[in-house]
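Given the coordinates of chain A, work out where chain B should sit on it, guided by the hints.
So the protein sequences, as listed, match chains A and B.
Plus 2 on top of the position in the first sequence (first one is 1) and you've got the working numbering.
Plus 2 on top of the position in the second sequence (first one is 1) and you've got the working numbering.
Worth flagging that the hints you see were computed from the coordinates, not collected in a lab.
Take the hints with a grain of salt, since some may be wrong.
Chain copies aren't distinguished; within one or between two, either way the pair holds.
[Stated by the list, open to error] Only pairs whose alpha carbons sit at most 30 Å apart, straight line, appear in this in silico DSS-like list of lysine-lysine:
id, residue 1, residue 2
1, Lys502, Lys274
2, Lys407, Lys82
3, Lys17, Lys52
4, Lys338, Lys151
5, Lys407, Lys434
6, Lys338, Lys302
7, Lys81, Lys151
8, Lys17, Lys53
9, Lys17, Lys38
10, Lys151, Lys17
11, Lys407, Lys461
12, Lys33, Lys53
13, Lys329, Lys201
14, Lys159, Lys81
15, Lys407, Lys17
16, Lys434, Lys329
17, Lys52, Lys38
18, Lys302, Lys159
19, Lys209, Lys502
20, Lys82, Lys52
Quick caveat, the model's predicted, so the values are computed rather than measured.
Number of protein chains: 2
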Amino acid sequence: MKAEIDNRNESLADKQAFTEIFLTPQNNDTKVVLRKYMEQILFGLQDFLKKHVGITHEIPLEDLSCRFSNTLINRNPEKKLEQVFTELIEEIAPHAVNVASPYFIGHMTSAIPFFMVHLKTIVAALNQNIVKLETSKGASLVEKQVLAKIHRLIYCKSDTFYNTHVQNVHTALGAFTSDGTTANLMALWVARNALFAPKPGFEGVEKEGLTASYRFYGIGRAVVLVSRLGHYSLNKAGGILGIGNRNVIPVDVDSNNRMDIDALRRTIQAIKRSNGRTQILAIVGIAGATETGTIDPLRKLGEICALHNVHFHVDAAWGGPTLVSEKYRHLLDGIKLADSVSIDGHKQFYLPMSCGMVYFKNPFSMDTVAYYADYINRPGSADLGIKSIAGSREATSLILDSALKIMGTDGYARLIDHGIETAGQFAEEIRKRPLFQLITNPELNILTYRICSMEVQRKLASGGTEERKAINEGLNEINRVVQRLQRKAGRSFVSRTIIKMGATQEKEDIVVFRSVIMNPMTTIEILREVLDEQEEIYRRTFTSPVALYEYGRRIENGLPSDRIPSPGLHPEIIELDNCLN
Amino acid sequence: MKAEIDNRNESLADKQAFTEIFLTPQNNDTKVVLRKYMEQILFGLQDFLKKHVGITHEIPLEDLSCRFSNTLINRNPEKKLEQVFTELIEEIAPHAVNVASPYFIGHMTSAIPFFMVHLKTIVAALNQNIVKLETSKGASLVEKQVLAKIHRLIYCKSDTFYNTHVQNVHTALGAFTSDGTTANLMALWVARNALFAPKPGFEGVEKEGLTASYRFYGIGRAVVLVSRLGHYSLNKAGGILGIGNRNVIPVDVDSNNRMDIDALRRTIQAIKRSNGRTQILAIVGIAGATETGTIDPLRKLGEICALHNVHFHVDAAWGGPTLVSEKYRHLLDGIKLADSVSIDGHKQFYLPMSCGMVYFKNPFSMDTVAYYADYINRPGSADLGIKSIAGSREATSLILDSALKIMGTDGYARLIDHGIETAGQFAEEIRKRPLFQLITNPELNILTYRICSMEVQRKLASGGTEERKAINEGLNEINRVVQRLQRKAGRSFVSRTIIKMGATQEKEDIVVFRSVIMNPMTTIEILREVLDEQEEIYRRTFTSPVALYEYGRRIENGLPSDRIPSPGLHPEIIELDNCLN
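Chain A on its own, in the form it takes in the complex (with noise of 0.2 Å):
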């Protein structure tokens, strides 16, 4: 009897706490401090930011990290709700990068139109997991629904196709994702398995694996072909799938960074004399390469897939949204050529974090990566975890379909188009000013430059292999370090890659500034203001206007970069944060 009522009050305490965690904050305290911040957040997202969020904030890492090494739980509460909530916007939030500042220009990770932290909002609460109807249900159809909008958008096949496939529970016209990364794995998933196809006595690739399907189809290789600008995702991918990254063959690239179409022939002569014991599994073309943005012959590069009978697979990640601009969307024809396409929500749909897509030209193709479970996606339901990488998935595509509705094709064209043309002015803004050299023009929004005189450029144009060889070393560290200087300063953000130049085999690697202008905020005054910065941190870091020559000779003979200051470098650089490097 003792025990009973032991249970009893045990249980109404319980009912108690599960009220207040589940329901609705009970507390006033709790609501004030709440109520403040989601006031801010969601109707001030941008004030919030630069009030509570540093481009990066002065703090080195490596205090930081000390900051954040705790390991225990706690058993009891830490901290009241209201205080966790205070804390993390405090005391973290101070440290988050605010990507949506309109100096980052840096990723493609940007500012968001507030509504989509609205959308998100709505959607964490219905909280529906798409991998089944029963528990998503009408989200289920609206997936359904987007993925084929922007399908359309891609391939623009007929009214009946689309009244044909929208809801129809056999077929599928692509799938969400978490990112670009496991969209171009599936993509390549579904090539993979229909190369290895089942066949009378083999049952497909996915049943039997690799092994057994290279010996049944009587090869020793399968090969992705890739410009050298692929992302790599697609390395990733290869690793994944099993038929191994180094069979993930960069195919060079002319002049405009865009694929050598000659160059992939070449490839595919060398591959078709194998005699069969080497298969192309996929072509990938790229629309808006990562570090460069250029796009690849599409068109070109489908009939070559159609004429050799190989997966057409168009990473357009970046660039795919281009396609709502009546101004641009010209850039990427062909596209609908592929036989699959990823795009990124995340990037140019301005979605919050994280929403990938991957888009068949045939609804019959992602059969070959179905899969049943008894208490879900059972055969012929309507369960859209069938066919996808991930189970549980979040109704990201509540979002996509909310936004487009907001804002139209031609709301979302404003965008495309300001961050094309912004690209275009900066581009001209580095041509004119001497101290930097323009190192990819921007086929869309994002381009390379970096810091080399135009008498560095006439050395470089006039001088012996070895000489510009050093030339180019000593600018490489320049532009490293001038990049760092900016970042750690904190006030503006352009990233920092590696581009191959030069006309002959021999190419050199070429540290650049990267630029990705998607922020519509970013104004050319802006990016002049970025220029300014970089001028003041060279003529501030390298005094001596031969430096440069001189630093290039330093590294040529072999002394340690990063360790020992040229003549004319200042000591600041030496207590950069390597691990910020």
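Leaving out everything else, chain B in the frame of chain A:
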């Protein structure tokens, strides 16, 4: 000159448009609508869901599909912003599934604490991209910290260990993934790469591919061993990784639905007889089987794996958080022997969709899946995208970290304990009722049962094989029908799966109700109502007491099971929507 002025006007128009889109609702109507819904969601979540979301709404899927069939994206905004939100809440949400209802006990998706929605809102507003320190900084540090906290919960290593690794840029204790499926994929990816590691003359499977690996290591087949109750994501991982999903070999379970250790030993012995031609890539133990909630004998499995030097993975996507419960953590005894462990945050950590995690005992395990790129993820950097399946990712770790602070392990333990204990009461109630048969006893908070009266149970016990088979087929159909009708009615939801039953080798497929008790508002009183409803549906649908047996005979005689009503079958079931099968 004219063109310039036009440009300037256009640019002004753009600027205004961008301001409206990105900054804050300019229009008062918009503000009023957004504020209303956000207030309802953020400060009255459960009421909001009760009011706006159905369990499964009465409209059949096919009728509903028609409403989501337009595949054109409007050029201009389709509706005003506030109208899109109103439509989302008033017209789309009602057809979502109220997974938060205490009567929704069918899947591993449930109510979440209201503050999770606030946290998700903050994460969306910050829009950090964890792929790279430059787009996340502090959030990456929090991620490493919370990974260490959960690692510690699993592995209980020393302070020194955690101090060494918590913020170490060269090591990784685990990774966030989109869900449990990708967590399992990542674990087996790492295990595959460890099995086929680089050696002199061989650069490893990730680079060279599987066929080259099999050749170099002289093997013909790599297999994964898992109980036949293993999640289907393990088969999928086998398919994706190229070993072939038929090489994910199901091991039989004992009468308690735990992996049968003798069966496992026999399988291992058979593999050993291949003289190394077949290699075991991993043995997987389940901590909370999807269909039965049962836990494999983890300690024994760990010992066997150690003996044979095989990667031991534990799929604790469901049961992992049981570790917070002082009372029940012993059920997972032996988990610390695992080389890798999957845990889902969106399951029993009650996070919003989607949050998967995978942990590795050895902080260097993930080195085998590292990928680098010049513009991000440079070697030696702290970028978390280096060792990850996905690239771009949202900062889900901020939600888990805050939730752990708010709840403490004891707060979570209350939820875990409630689920396990309520499931126990439910099992008792099922045993008491003459119409039902408990099929799998709950070890955690999942159980299965079916409609099978005492009378029929006796028939089954005394009848011959043929008779038993016929009766079971009839029962299967009856349980399938009752489950569908209950779902269709929309008051409560219990899921349905197939369990293999029988002591002999020839096991029978038994259709069962599957119940997952994770919602703290789900009490035994509610569960009684769910059973009452099932009894009521059954009695209404199957009118004659002999109908059970008769119905079974009919199916056995080859009549189509769901088209011809049995003598006792109500015509209603013929109308059942087959899409919702």
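Problem set entry | Numbered hints the structure breaks, given as an ascending list | The structure breaks hints 5, 11 and 13; every other hint is satisfied.
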